[in-house]
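Asks: With chain B fixed as given, assemble chain E onto it according to the hints.
2 protein chains.
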Amino acid sequence: MPQPGQALVRLREHLHQTRLLGSISSALYYDQNTVMPSAGADWRGQQLSLLASQLHERQCSETYAGLVAAAEAEVDRSAPASTRRNLQLLRQELERQRSLDPQLVARLAAAQSRGNAVWQEARRSNDFAVFAPALEELLQLRREQAAQLAPIEPAGRSPWEILAQPFEPDVSKDRLQELFKPLSEGIPPLLERVLVSSPAAAAASSPSAPAVAIPEGLQENLCAELLESWGYDPSRCQRSRSAHPFSCTLGPADYRITSRVVPDQPFSAFLATAHEWGHSLYEQGLPRGDDHYFPWPLGEATSMGVHESQSLFWECRVARSQAFASRWHGRFSGALGSDPWGGSHSFWRGLNPMRPGLIRVEADELTYCLHIVLRFELELALVEQGLPVSELPELWNRRMGELLGIRPERDAEGCLQDIHWAEGLFGYFPSYALGHLISAQLAESMEQQLGPIESAVGAAEESRLQHWLSENVWPLGRSVNGEELVAQVTGVPLSASPFLRYLSGKVDRLLESS
Amino acid sequence: MPQPGQALVRLREHLHQTRLLGSISSALYYDQNTVMPSAGADWRGQQLSLLASQLHERQCSETYAGLVAAAEAEVDRSAPASTRRNLQLLRQELERQRSLDPQLVARLAAAQSRGNAVWQEARRSNDFAVFAPALEELLQLRREQAAQLAPIEPAGRSPWEILAQPFEPDVSKDRLQELFKPLSEGIPPLLERVLVSSPAAAAASSPSAPAVAIPEGLQENLCAELLESWGYDPSRCQRSRSAHPFSCTLGPADYRITSRVVPDQPFSAFLATAHEWGHSLYEQGLPRGDDHYFPWPLGEATSMGVHESQSLFWECRVARSQAFASRWHGRFSGALGSDPWGGSHSFWRGLNPMRPGLIRVEADELTYCLHIVLRFELELALVEQGLPVSELPELWNRRMGELLGIRPERDAEGCLQDIHWAEGLFGYFPSYALGHLISAQLAESMEQQLGPIESAVGAAEESRLQHWLSENVWPLGRSVNGEELVAQVTGVPLSASPFLRYLSGKVDRLLESS
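Note that the protein sequences, when read in sequence, are chains B and E. Under our numbering, the residues of the first sequence are numbered 11 to 524, in order. Under our numbering, the residues of the second sequence are numbered 11 to 524, in order.
The shape of chain B in the complex, shown without the other chains:
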């Protein structure tokens, strides 16, 4: 292996320090959401803002630009592809940072902070009018951002597409529409089958079904057992409690995941733990083996869609599988000292409710993507098709009725439910649906090579599945984009078909009598 030249060494040192600063922010964020007393919030905000401005300065500075340019001059076509790719990604990010007017960056930060505050208020008081001006301002600022970035983007990229690039590199509207159309056409009939064909299944997940309550301590123990069975190593990863489950990376050998326990939702913490563990496993498996890789962009996640595919794989393909339910039904019943489900088939049904609901974060596997289709359409309309902000609630409610058959009665349960727009985050939602599609398509390839996932899970051999992901998916890092990753691993372009096949098969089996 050729020795890196002096310019690359200096660049690496700069990136290493940038990474140290960034990970300090992550540590403060983690503390804030797990332990920090509430009165500490103001000071913590000031600490984070100080670090953010230090980071921004490092990433835009003339010094840094000089280091990148010197490294580019040092690296020729004979250099390893990984080196050239790293420099390409660094150059792209540098140009993005430098294309933005610092005044716009500051106005955006302030508008995001205001947006979050008025959104909280609007949601509490169920009053969209309180939030509308902030949303209008955020849209305007994001359009300005897209316009400032346009000159360095490939020709023809639309404003929404430009905003979505950081989450899903090279994504386009047309491609998303092509991928999502089969979802909005294929999922409603499946949902209809569940709702009309099987009163038993509908009842099992209906609000009138008696909730099974599992005490906090028992849920904690079950989550710990789950992670232990999946190879959780407490010397590299720690678990905590937080209001909303999340996973984060604090250093090349320091991972954290959190969960929250809801006593009368017996599977909430358990499935969230599976989900966050999937995110963390991916981060733990990204190419940073010798540490030297850590500061470089190639050691980062391919895209948000790929990240989500990894969490969904462990949550949906494994923890919600029938074979997994068979194995864990006994542990849940044993912990409770009784079997409120009446058998493992019902227990499995309990893990897989399928019923349309108003709230995205509570949605099941079957209906989740319809929530995303709705948001994608509305974002496009808001950002680049001239939809007046004032008409958002009505359009939201109408499309919700068309896609899911239910309409919110309150905007708090409609267009005010998510935090994303309140922080000016446009272009992020599609990654959630892409995660489902990517997970399903990767799973089909995995099954072609390893045999049925259900069989591996039935034999308690999840480590084989993990090994396959660690060999085929995790090492790619940012050497490719999400679609390229799927094509490279599965041999065919990404499509919705594997996901729809999977859903259809699962609905069939759920509707069988136990």
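Hints in this document: simulated from the structure, not taken from any laboratory. We put the beta carbon where it would ideally sit given N, CA and C, even for glycine. Be a bit skeptical, because a hint or two may be false.
As the list claims (entries may be wrong) - Simulated coverage check for chain B against chain E, where a stretch passes if three residues somewhere in it have a Cβ under 8 Å from a Cβ of chain E:
#1 33-47
#2 56-66
#3 255-269
Replies: The following block gives chain E in isolation, referenced to the frame of chain B:
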């Protein structure tokens, strides 16, 4: 109140950012000792070292020196005393920082890190020779440090005294010898009384007495009850677990304390919680009411001795008191479902073991200060009286025998037991003993004004004691040094008499039959 001038405003802004950076380090330190997985240590070390160098740069920079000078020029004799005192303290610290050769600072940091590592090894293998060269190097570097600082110190201050200034401003060897002499003369006879006069008391605290084990969860609950009864506000302070109990301040409204639970030491977590809460209460009560005071030195602790006096007050004067034992004996027995102590007098004795031991951190209230006298003598001998490092173990063992009547058989339980010297910390130990003296003298004044502490505790009115401290002690911050604080609050100079009176009275009562 006069408006601060522009130079003061700019200085304050600089200090505010310094404080933000410093408190980020504290947050990382807290995380490291409570949650961080062990594999994260290397990266965390790099983060802390990056912040340390940023902090050092800020505190020595020409920019900062200019801000201090401009503020000094702006402030005249008509300015508030607090402003002038703040500038005096900042100037003193700035001159100290600037007097030190940066190369010495770097060599010290490296030697401390190496010292810690070889000390761990030496202690594990009980081999002083492994540690001796590192100790020799640290002593040499600290002597150099003292020499570099000498020109800005008052004439006649000795090297050890210069090193002790950051912990105990204005401290002198002569004064410490004067304060400690009554301890080394007065404590051994008290100890003798305990050991010979009362086989019952000796037995209650002897290793052969059956240990009372309290399960972890119950100990946690008792600690939580204790803090709740003392006004713990979870919106400003959070508790965690750590290997060694500590307390720290992460922001002007963000306090943390930790404890560890040892199942067969029924009072270890409980008393440590009381101790750390005392430290935290003091920090919470330092003058920073309107936040504007927070970045200024006046809002810092008076001295380490005063800090320790506050933790010892709550641990020893309150939680080890007879009235407190009477109130809590029932709660402990209730939690256990039995009374292994056989009555509240024995329970109180259990809270107050009095028996010479080899290990400082396990020492009781009666013998603790003798451990400090030993270390103070030996530090003076090492730093400025030419004691060869190689002779330390023998001298330690001999003086231990003279002071406490016991001799360690292994250096691991002798001169290798503390971390302080391994990190080149000379001049710190006396503050622990000063804490006992200060706590006792403040307590006498408190009792003159409020009546017996035992009565207040018996009536569950600890809030009255807290209020007294909050009125008389906490607001002083760094407006005075430790001795001045005591003289100002109690009207007489600090002495060992109140502490010895307190110990003597306590021994009397402990030796009474129940």
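Asks: Now look at each hint and say whether the structure bears it out.
Replies: Going down the list of hints, with the structure as the test:
Closer than 8 Å: that is the beta-carbon criterion, and the stretch 33-47 of chain B has 10 residues meeting it against chain E, so the requirement of 3 holds. With a threshold of 8 Å between beta carbons, the proposed coverage of the stretch 56-66 of chain B by chain E holds, since 4 of its residues qualify and at least three are required. Here the stretch 255-269 of chain B counts 7 residues with a CB under 8 Å from a CB of chain E, which clears the bar of 3, and the coverage holds.
Against the hints set out earlier in the document, no violation occurs for any number.
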